[in-house]
Each structure stands twice: as C-alpha cells, then as structure tokens.
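Asks: What follows is each chain in one-letter form.
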Amino acid sequence: MTWFKRQAGELDTSGERKVRTEGLWVKCDTCRQIIWKKDLEENLNVCPKCDRHFRIDARTRLAQLLDDNEYEVSDSNLTSTDPLKFVDLKAYSARLKQAQADTGLKDAVINARGRLNGRTVVVSSMEYAFIGGSMGAVVGEAITRAIEQATETRVPIVIVSASGGARMMEGVISLMQLAKISAALACLDEARVPFISILTDPTTGGVTASFAMLGDLNIAEPGALIGFAGPRVIEQTIRQKLPQGFQRSEFLLEHGMLDAVVHRRQLKSYISRALEFMDQSSVVGRQTSA
Amino acid sequence: MAGTELLLSMVEARLARNGDGSNMESRDKTHQELEKIEKQVARMQQAAAPDENTQREIRLLNDRLQALRKDMSSSHYKAWEKTELARHPQRPYLLDYIERIFTDWSEIHGDRGFADDPAIIGGMARFHGEEVMIVGHQKARDTKQKVYRNFGMPNPEGYRKAMRVMKIAEKFGRPLFSFVDTPGAYPGLGAEERGQAEAIAHNLREMARLQIPIVTTITGEGGSGGALAIAIADRVLMMENSIYSVISPEGCASIMWRDPTKKALAAQAMRITAEDLKELGCIDGIVPEPEGGAHVDHEAAAALLDSSLQKHLAELKKGTIKEMVGTRYTKFRNMAQFFTGED
Ligand SMILES: [Zn+2]
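In order, the protein sequences belong to chains S and L.
The opening position of the first sequence corresponds to residue 1 in our numbering, with each subsequent residue numbered one higher.
The opening position of the second sequence corresponds to residue 291 in our numbering, with each subsequent residue numbered one higher.
Some hints here could point you the wrong way.
DSBU-like cross-link-like pairs, simulated, lysine-lysine; straight-line CA separation at most 35 Å [as the list claims (entries may be wrong)]:
#	chain 1	residue 1	chain 2	residue 2
1	S	Lys241	L	Lys436
2	L	Lys621	S	Lys90
3	S	Lys90	L	Lys461
4	S	Lys85	L	Lys319
5	L	Lys568	S	Lys85
6	L	Lys434	S	Lys85
7	S	Lys85	L	Lys461
8	S	Lys90	L	Lys612
9	L	Lys568	S	Lys90
10	L	Lys621	S	Lys85
11	L	Lys568	S	Lys97
12	L	Lys621	L	Lys461
13	S	Lys97	L	Lys319
14	S	Lys241	L	Lys434
15	L	Lys436	S	Lys97
16	L	Lys368	S	Lys90
None of these hints come from the bench; they were simulated from the model.
Remember, it's a predicted structure, so these values are computed and weren't measured experimentally.
Just need the whole structure built from these sequences, with the hints factored in.
Replies: See the structure below:
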C-alpha cells in the first residue's frame, strides 16, 4: 500500500462546486430562506435560519473532521470490473465513467488517515454523489481495508455513511459486501478498537443493515433519512401514508436506534470526546501494545 | 404458407411485446405454437416443388423459427423460470423438510424483547441421531397461514429470535442448520421502528464468529439482507432451483428499467441462479432437486437435501472449531473481489 499526502486546500473544492451550479444564492428546501452561498459554507453547509443540514461531499466531510484538512488517502485506485457486465437502460460501465468524471473518485468512498483533535484516526467517508453512494465490491473492499488497518494499527475508525444501499448493478456481489464488512467488524470488536458510525442523509438499505448500525456508538446528523427499506417501498407495502418525521434521525433516536443526534458543528468534538473515553491506554491493568 | 407465416408473425410480435414478462403458462403455449409451425413448415418442405422461390421462403421461415427458439432458451428465460420454481406454491417449506430430515423437533419461540415472529422458526432437533439446532424462514400455503407467517418476511424480532437460538446452540456446542426462503425482510412501519437494519447487521457480525459449525441452505427465495441475516455459514448451499439476490427481479426492473414487466431481463442481468452464484464464488455447493423441481416430489427433494447436509457437516467436523471459524472468516473476507487498481 502506497501512502501519499495531500495538502490542505487542494481537496476542499467540490462542495463549493455543487453550490455554485445554483448561483450565488441557495434556497433552503425546509424553511424557504434564500441563503447567500458563502454564508451557507461558512456555517458548515447548515442553514443559518432553520439548521437544515445540507448534504456535503466526502472531501468536505474529511475537511470538517480532520485537523488542518490534512490526511493520507489509501485504496483510492480500486475500480469496479463490472463483473456482471450489467446493462439496464444504460450500461453500468458508462454510469461508472460518468460518476468518476463527476466526482474525481474511482468509487463511492474515500479512506483517509489523519488526526482528529490530535488523535490519529482512520476515516472512511462515503460519497453520495457517486451512484447514490451505493456499495459494490469496491466500496466493500475499501471499507473492509479501513477496518483492517484500524484493527492492525489499533487506531480508532470513524465511518461516515451516505448511501442508498447495495449497488444493484453488481447483483449478489454487492450483497456479499455486507457479510464481508460485518465479519471484519467482528475482528475489530474483539481487538477492542473503537468504531464510531456516523449516519448522514441518507443512509438506507444494505449500508444501514450492516456497518452503519454496528458502531460502538451510532451517531446521526439531524434530519437525516435513515432506514432499512425506502419510504416508498414501505408506503406501497402497508398502503398508507407514513407519519411525519418517519425514518428521520430524531425518530430513530426516539425508538432507541441511535446513541445521539449531533449537530454538524458539534460532531467533531463529540467524536473526540467518545474516543477519549474509549482510549485503552488509560485503562488500568489492560495491555494495549500497538 | 400464408397461414403459417401469419402464425409465426404473431408469435414473434407477442414475444417482442411482452416476452420478458411472460409466465410459465404463456411460455408453454408459445412452445406448443412453435412446434405446430415447425410441423407445418416440415410438411411444406416435403410437398414443395423444387422451385427456387418456394425453397427460399421455407428457408426464411426456418431461420425465423430458429431465432425464436434461441430467444426462448436464452438465459433470461432460464433465470425467470428458476425464479418461478423457487416461488412455486407447492415447493417444500422448512417444516416440510424438518418433518422428513430431522427427528425430535422442539420449537423455541420469542426474542425476549418484543414478540414471537412466526416468519422465522427455530428449534432443537436430531439429525441422524445428533443434536442440532435449526433456524429458518417459514412460508405457508393457505391464505390464513400465509398471513400468519407474513409470507416468510421477518420482522426484527424474527432475526433477534434467530440469533438467540444460535447463541443457545453455541453455548451447548451443537451444529447449526439454517434454511433460507424469504422474499426479504419485511418493509413495514413497525419493522423500521424496531430496528430491522440493526437486527440484520447484528446477525451478520455475530454469525461470522459463532463457534459452531454452520450449514446454510437457500431452499427457495434468497431475498437480500433478509436472507443473508441467517446465511453467514461455513457452507452456504443453494438448491438447484433456488435464487439468491440483492433485490427481487421485479424491484430491480422497477428501479433500473422503470418497468416492472422487465423482471425476466432483470433476473438474468443480476445473475441470481445457483449456477450463477457458484460461478461468482458466492456459495459453496448446489443441492440437486428431483426432475421438474422440488415441488414435484417432496420426499425425493428432502432425501437429496439430507445427503448434502450429511456430507457437508461431516466435512466440517474434521477440523477444529478454531480453524473452521478462521476459514469461515477468510471465505467471506475474500468473497466477491471484483476490482482492479491496487495503490
Ligand atoms: Zn432553512
């Protein structure tokens, strides 16, 4: 594995680009407020009026979580081989190329190693703009490697989910990624290495039904859609309208499925506090050789 | 000749129009029609004078027939045929197999937190005299029972009961047989409230390190995470006419083709048959079924499954538990590696 370092500023651009396409002003879908784009960015892409958390891309997320936006990226060249040669209305190979061009990534996740308030951490940050953050063989492998790296080096791992679930164009191969990642998490768990799962808008399907729900702590941003089945599928199944706020972070918190719902502004300090608590080097009588 | 040509055109048009959505009955009808046309063409061939025009027309008819035959036997029909067999209403369900393969079945109920979920059953039994634990989805045939079993679609409490049953097996060192036959985990309001995703995720992690031999068989439908949640095993087998997929063919067709009638095409594209999964390295073996499918002969199907289970369990018991769990981990760790580009 070759490590390469990227400097601050170099990566933190695509969040800006996303907003720029809509001009200098952005309308908040929740409170209808027209917000000056720059104000929104300065507020971590959270609506200054109603606190709606806008979706942010994987790099912006890393910039918000890791000290000085400095980190080492790994596993960034893994690329799908389109094992099923899947073609629906469009060829999967073409969808991949398009997503790669749009995001500058090979697939829907970035593995990064950096510092969070001075403490070394591994972060897997998912990219929703890459085919809905869907999980195929590459995302499965990348996240597994991040978990293994955390286990082997005894460094805490933070996985930031933003995903519609398994990637249909890889069929059952995408399903098997759930098994693979969950098995790696069993090893991590046995090694007593901390795992903080961050669920952001949206986290559904196979991602929720595997690693996103398996953190030592499962933390969500406010208002994020989180669930197993999609709301439309549920509506069709039960043939009734879903209640207001169904499958949103606050709903999950109320039903005991989350440890906390944390504002983006406090997210880093919350994680930092948890990692302090979980730090095994300060546990009396426990061997923690690295 | 005009009549034959007309019939042929009708079959072609129908297949082009709704070939993907055709069911078994309409396929049988098409096969019969093709046979009829073939006979007519053969008769023409015998009767025809050796004039070149007639010969050429017969050749053309034969070409079209051949193309239709090829279309009919193409893989997307096969994948869909298997889907229909996997869902066949007369296909044996778990209790049918338990009755025929195991003795001393004693069911264990409830998740200790919320309810007992009849869509998943679990319990103690003997397998050729040996104490084993069984867990699996249960479907039903009549309407009342179907509703009771929720069409084999578990709620979170079903998966939590399954894990509780597995833990009992582990505590007392008994092998576990799991059986999968579900359209998927139930997508309902209560299921979401009670943490369907968490229940499945928890099972995936815990089964990976369960310290007992596990043999899973996909007997019918292997519906996505709802199937996988009881299918992390040392041996994962699929019955010949079962399917295993990340989403139902109908669901895939609706989303990817925006047209649910493209289900046969979606079934083929996703590669959901036992042969497909074996080829992709996602399962360990295929359990043969009696001619025509398991629904034709429950006794024979159970006997074939029985001998597969015996073989695989015997193989697993040769090594130590520690080695076996290590091998299980490595298997899933290295499964479905379809990528390039190491750093
Ligand atoms: Zn707002």
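Asks: Hint by hint, note whether the structure agrees.
Replies: Right, here's what the structure says about each hint:
As the CA atoms of S/Lys241 and L/Lys436 are separated by approximately 25 Å, the hinted pair is consistent with the 35 Å bound. About 33 Å separates the Cα atoms of L/Lys621 and S/Lys90, which keeps this hinted pair within 35 Å; it holds. Distance check on the hinted pair: S/Lys90 and L/Lys461 sit about 51 Å apart at the alpha-carbon level, beyond 35 Å; violated. As the CA atoms of S/Lys85 and L/Lys319 are separated by approximately 32 Å, the hinted pair is consistent with the 35 Å bound.
With a C-alpha separation of about 17 Å, the suggested pairing of L/Lys568 with S/Lys85 holds against the 35 Å cut-off. The hinted pair formed by L/Lys434 and S/Lys85 fails the criterion: a straight-line CA distance of about 43 Å is larger than 35 Å. In summary, the hint linking S/Lys85 to L/Lys461 is not supported, as the alpha carbons are separated by about 45 Å, beyond the 35 Å threshold. For the hint pairing S/Lys90 with L/Lys612, the CA-to-CA distance comes to about 46 Å; that exceeds 35 Å, so the pair is violated.
Only pairs whose Cα atoms come within 35 Å are accepted, and L/Lys568 paired with S/Lys90 is accepted, the gap being roughly 27 Å. For the proposed pair L/Lys621 and S/Lys85, the alpha carbon gap of about 24 Å is at most 35 Å, so the pair holds. At most 35 Å may separate the alpha-carbon atoms for a hinted pair to count; L/Lys568 and S/Lys97 meet this at roughly 29 Å. At roughly 24 Å between alpha-carbon atoms, L/Lys621 and L/Lys461 fall within 35 Å of each other, so this suggested pair holds.
Taking the CA atoms of S/Lys97 and L/Lys319, the gap is near 43 Å; set against the 35 Å cutoff, the hint is violated. Under the criterion of a C-alpha separation no larger than 35 Å, the hint pairing S/Lys241 with L/Lys434 is consistent with the structure, at around 26 Å. Proximity of L/Lys436 to S/Lys97 is assessed by CA-CA distance (about 45 Å); at most 35 Å being required, the pair is judged violated. Proximity of L/Lys368 to S/Lys90 is assessed by CA-CA distance (about 23 Å); at most 35 Å being required, the pair is judged to hold.
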